[in-house]
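**Student:** Given these sequences and hints, build the entire structure.
Quick note, the sequences are listed as chains A and B, same order.
So that you can map any letter, position 18 of the first sequence is 18 in this note's numbering, and since no number is skipped, the others follow by simple counting.
So that you can map any letter, position 149 of the second sequence is 149 in this note's numbering, and since no number is skipped, the others follow by simple counting.
A portion of the hints provided could be inaccurate.
Stated by the list, open to error - Once the Cα atoms are required to be at most 30 Å apart in a straight line, the calculated DSS-like pairs of lysine-lysine come out as: (1) A:K132 with A:K208; (2) B:K152 with B:K42; (3) B:K152 with A:K201; (4) A:K74 with A:K125; (5) A:K198 with A:K2; (6) B:K370 with A:K209; (7) A:K74 with B:K231; (8) A:K35 with B:K399; (9) B:K410 with A:K221; (10) B:K404 with A:K219; (11) A:K218 with B:K404; (12) A:K208 with B:K404; (13) A:K26 with A:K2.
Bear in mind the hints are in silico, worked out from the structure with no lab data behind them.
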Amino acid sequence: MKINILCLYYDLMDLYGDTGNVRVLKYHLDDLGIKYNINYLSIDDKLSLKDYDLVLIGASTEENRDICLNHLLKYKKDINNAIDSNKFFLVTGNALGMFGKKLYDKDALGTFNFSVNKSEERVSKEVILENKICKPIYGFMNHSDEVVSNDNPLFEDEGVLYKNFYGTYVLGPILSRNPDFLEYFLKKLVLSKDKKFKFKKLNLSLEKKAYDEFIEFKKTKIFNSRKA
Amino acid sequence: MKFISITMGKIAAFLCTMIGRGSTFPGIVAEKFDKNIIKKFKMPDKVIIVTGSSGKGSTTRIIANGFKDLGYSVAYNKEGGNMSYGVITTLLKNCSLRGKIKTDVVVLEMDERSVKYVTPYIHPTDMVITNVTRDQPPRQRHFQFIIEEILKGINDNIHLYLNANDPVLQRFVLNRKNKVTYYGIDKLKTSYEKNLFPVLNNSRCATCNSVLSYDYYHIEDIGKYKCSNKKCNFVMPKPKYVINDFNNGVITIDKKYKITLSNDMLYNLNNTLAAYSVLCDYKLDKKKVCESISNLNRDNKIYNKYTIKDRDVLVLNNKCENAATYNQSMLYTYNDKRDKTVVLGWLEISRRYLWDELSWLYDVEFELLKEHTSCFICTGPQAFDIAVRLKYAGIDEDKIKIHKDIYDSKDDINKSNGPIYAILNFDYINDFNTIMEGLKNEN
Chain A
1 MKINILCLYY
11 DLMDLYGDTG
21 NVRVLKYHLD
31 DLGIKYNINY
41 LSIDDKLSLK
51 DYDLVLIGAS
61 TEENRDICLN
71 HLLKYKKDIN
81 NAIDSNKFFL
91 VTGNALGMFG
101 KKLYDKDALG
111 TFNFSVNKSE
121 ERVSKEVILE
131 NKICKPIYGF
141 MNHSDEVVSN
151 DNPLFEDEGV
161 LYKNFYGTYV
171 LGPILSRNPD
181 FLEYFLKKLV
191 LSKDKKFKFK
201 KLNLSLEKKA
211 YDEFIEFKKT
221 KIFNSRKA
Chain B
1 MKFISITMGK
11 IAAFLCTMIG
21 RGSTFPGIVA
31 EKFDKNIIKK
41 FKMPDKVIIV
51 TGSSGKGSTT
61 RIIANGFKDL
71 GYSVAYNKEG
81 GNMSYGVITT
91 LLKNCSLRGK
101 IKTDVVVLEM
111 DERSVKYVTP
121 YIHPTDMVIT
131 NVTRDQPPRQ
141 RHFQFIIEEI
151 LKGINDNIHL
161 YLNANDPVLQ
171 RFVLNRKNKV
181 TYYGIDKLKT
191 SYEKNLFPVL
201 NNSRCATCNS
211 VLSYDYYHIE
221 DIGKYKCSNK
231 KCNFVMPKPK
241 YVINDFNNGV
251 ITIDKKYKIT
261 LSNDMLYNLN
271 NTLAAYSVLC
281 DYKLDKKKVC
291 ESISNLNRDN
301 KIYNKYTIKD
311 RDVLVLNNKC
321 ENAATYNQSM
331 LYTYNDKRDK
341 TVVLGWLEIS
351 RRYLWDELSW
361 LYDVEFELLK
371 EHTSCFICTG
381 PQAFDIAVRL
391 KYAGIDEDKI
401 KIHKDIYDSK
411 DDINKSNGPI
421 YAILNFDYIN
431 DFNTIMEGLK
441 NEN
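**Tutor:** Next comes the structure, spelled out in structure tokens:
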């Protein structure tokens with residue numbers, strides 16, 4: 001088994017530590033003894049999406065996202081085929097905005113039915129998102145998108161879960177900060193390539209401790225700020 | 001009306017200073033009396049604004065001090081209020097009752113997003129833009145937004161001072177007619193040819209968006225660049241003022257002028273050169289400018305380098321949420337090939353808001369510390385998050401020690417080996433130095 005990973009627009013769409021997710025996947029694939037190949041491609045490259053099992057795209061400035069969307073629109077059919085044929089996607093931050101019908105006043109990829117308007121105020125906030133697949137997601141959002149008519153939310157009322165497409169406005173290193181989600185995602189990815197793969201226990205003790213400590217820390221901090 | 005509002009403002013400034021709230025509060029009070037107060041000042045012939053993601057405070061201080069040393073009277077916001085209220089406060093403290101600024105020169109450090117509110121009224125003659133990088137994303141969004149914000153405050157009459165080595169800054173001169181002075185650094189011993197920050201190489205050609213190619217890098221995407229697209233003529237502009245050499249804490253500019261620095265971090269070279277360029281363009285005596293800056297540095301030796309029990313201790317002050325300055329510390333530490341101990345941490349990621357944003361940790365190239373470091377000590381409330389980041393940088397978990405309270409790290413620091421690099425947020429530096437003081441006094 002070999003997992004082929006595409007880190008797409010790694011230079012133009014990596015605004016808030018989004019490539020952290022690649023470092024996390026590399027570590028655990030190495031740890032599990034699974035072979036992989038990672039390609040870093042951008043707007044100067046030709047894309048052959050059928051060659052990959054997983055595509056990662058991260059957050060971006062609005063200007064760079066437009067530049068990348070123009071490039072990606074050339075592969076609109078291929079992208080939608082890849083998603084429909086159960087390829088994995090991990091799309092973080094405002095990259096998700098490219099996959100709706102409209103992105104502000106421009107036509108987007110049209111993979112999903114939602115539209116994206118420019119929000120009146122920038123959304124910049126810490127989030128804790130309940131969801132059906134794993135423990136609550138801890139993370140941060142920082143974008144200017146307002147998503148209208150989203151049918152398939154991933155976490156709570158945001159993001160998109162469709163087949164193996166995981167898209168969320170939570171930005172950056174979501175896999176390192178949420179070990180439960182990482183375990184869920186990684187296992188699904190590996191099993192899609194080899195149904196009989198025998199997992200050993202993932203080394204996630206530091207991550208779990210960081211997750212629990214962070215929850216405790218926030219509780220105390222918010223409690224103290226209310227007292228003050 | 002002008003006379004009344006300035007008088008009220010000056011009274012407010014006096015009272016606020018008496019109660020120790022002098023840096024921005026007078027501006028707030030004065031604007032309550034007269035919302036147009038910023039328009040009421042008569043500015044001198046030389047008004048300099050210094051802005052950018054980092055380095056603006058130091059650069060402002062060097063420029064202001066230089067003018068003073070060379071016999072000019074100077075108004076500058078040394079108390080630190082760098083938004084429009086801070087500027088109003090500084091001007092109130094330095095004007096006559098008719099609003100005329102009494103000094104020869106005004107030098108203002110300005111927050112990037114506040115520049116546009118004051119430039120239409122205070123008519124700056126010069127503007128230094130130190131850099132625009134990833135910095136406090138929850139507040140500043142991203143660098144392209146900050147570029148747009150600063151551009152709103154630039155009119156054609158402003159003389160710009162820009163680091164020629166920084167391709168991002170070229171966005172300030174595209175399709176504009178401003179006079180520009182470039183400064184830059186030649187290839188130094190610490191420059192390198194193979195990119196050490198692969199994922200952070202976020203700058204493309206400002207005109208055609210192609211990838212840039214580099215003869216050498218100073219750090220991240222700062223270096224000698226040109227566009228890789230053969231049809232495009234985007235290249236690093238030729239700097240007027242150049243650092244040719246850097247040795248033993250002394251820089252040589254234009255092959256003959258020497259300045260002693262207070263520390264040998266790259267940002268210090270850039271800030272010093274920016275200030276030097278502004279001062280020398282004003283036709284000040286270059287030798288005297290060098291003396292002024294060197295003297296200031298001697299007076300301001302930051303408490304950042306000392307020896308305890310034969311171990312070198314280097315304290316590198318890094319603001320959280322600014323991966324660009326953090327990466328300077330990474331490169332600086334990486335350049336010391338001795339077997340080291342690294343201490344990392346902060347008490348609060350930000351004092352401005354309740355959120356704790358951690359994604360910036362993944363824009364910091366901790367991978368550079370993989371070799372030649374035998375012990376990593378992670379401290380503070382997010383010590384475990386720092387440890388996770390180190391783990392994903394390929395650092396062996398056995399080398400990582402975790403202490404939520406920095407004072408608990410004393411024994412591990414004592415047991416560790418080699419020089420100690422403490423890469424800390426400003427709110428942990430005193431605590432760290434206290435721990436080290438304690439270790440010095442033991443035995």
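**Student:** All hints are to be evaluated individually against the structure, with a verdict given for each.
**Tutor:** Here's how the hints hold up against the structure:
With a C-alpha separation of about 19 Å, the suggested pairing of A:K132 with A:K208 holds against the 30 Å cut-off. Between B:K152 and B:K42 the CA atoms are separated by roughly 22 Å; this keeps the pair inside 30 Å, and the hint holds. Proposed proximity of B:K152 and A:K201 is contradicted: the alpha carbons are some 55 Å apart, above 30 Å. Between A:K74 and A:K125 the alpha-carbon distance is near 34 Å, which puts this suggested pair outside the 30 Å criterion.
Of the supplied pair hints, the one linking A:K198 and A:K2 holds, its CA atoms being roughly 15 Å apart against a limit of 30 Å. For the suggested pair B:K370 and A:K209, the alpha carbons sit about 23 Å apart, so the restraint of at most 30 Å is met. Restraint check for A:K74 and B:K231: the C-alpha separation of about 24 Å stays at or below 30 Å, so the hint holds. Between A:K35 and B:K399 the alpha-carbon distance is near 27 Å, which keeps this suggested pair within the 30 Å criterion.
Straight-line distance between C-alpha atoms of B:K410 and A:K221 comes to about 26 Å, which keeps the hinted pair within the 30 Å bound. Between B:K404 and A:K219 the CA atoms are separated by roughly 16 Å; this keeps the pair inside 30 Å, and the hint holds. A hinted pair counts as satisfied when its Cα atoms are at most 30 Å apart, and A:K218 with B:K404 qualifies at roughly 14 Å. Using a Cα cut-off of 30 Å, the hinted pair A:K208 and B:K404 holds, with the two alpha carbons roughly 16 Å apart.
Among the hinted pairs, A:K26 with A:K2 is consistent with the structure: their alpha-carbon atoms are about 12 Å apart, no more than 30 Å.
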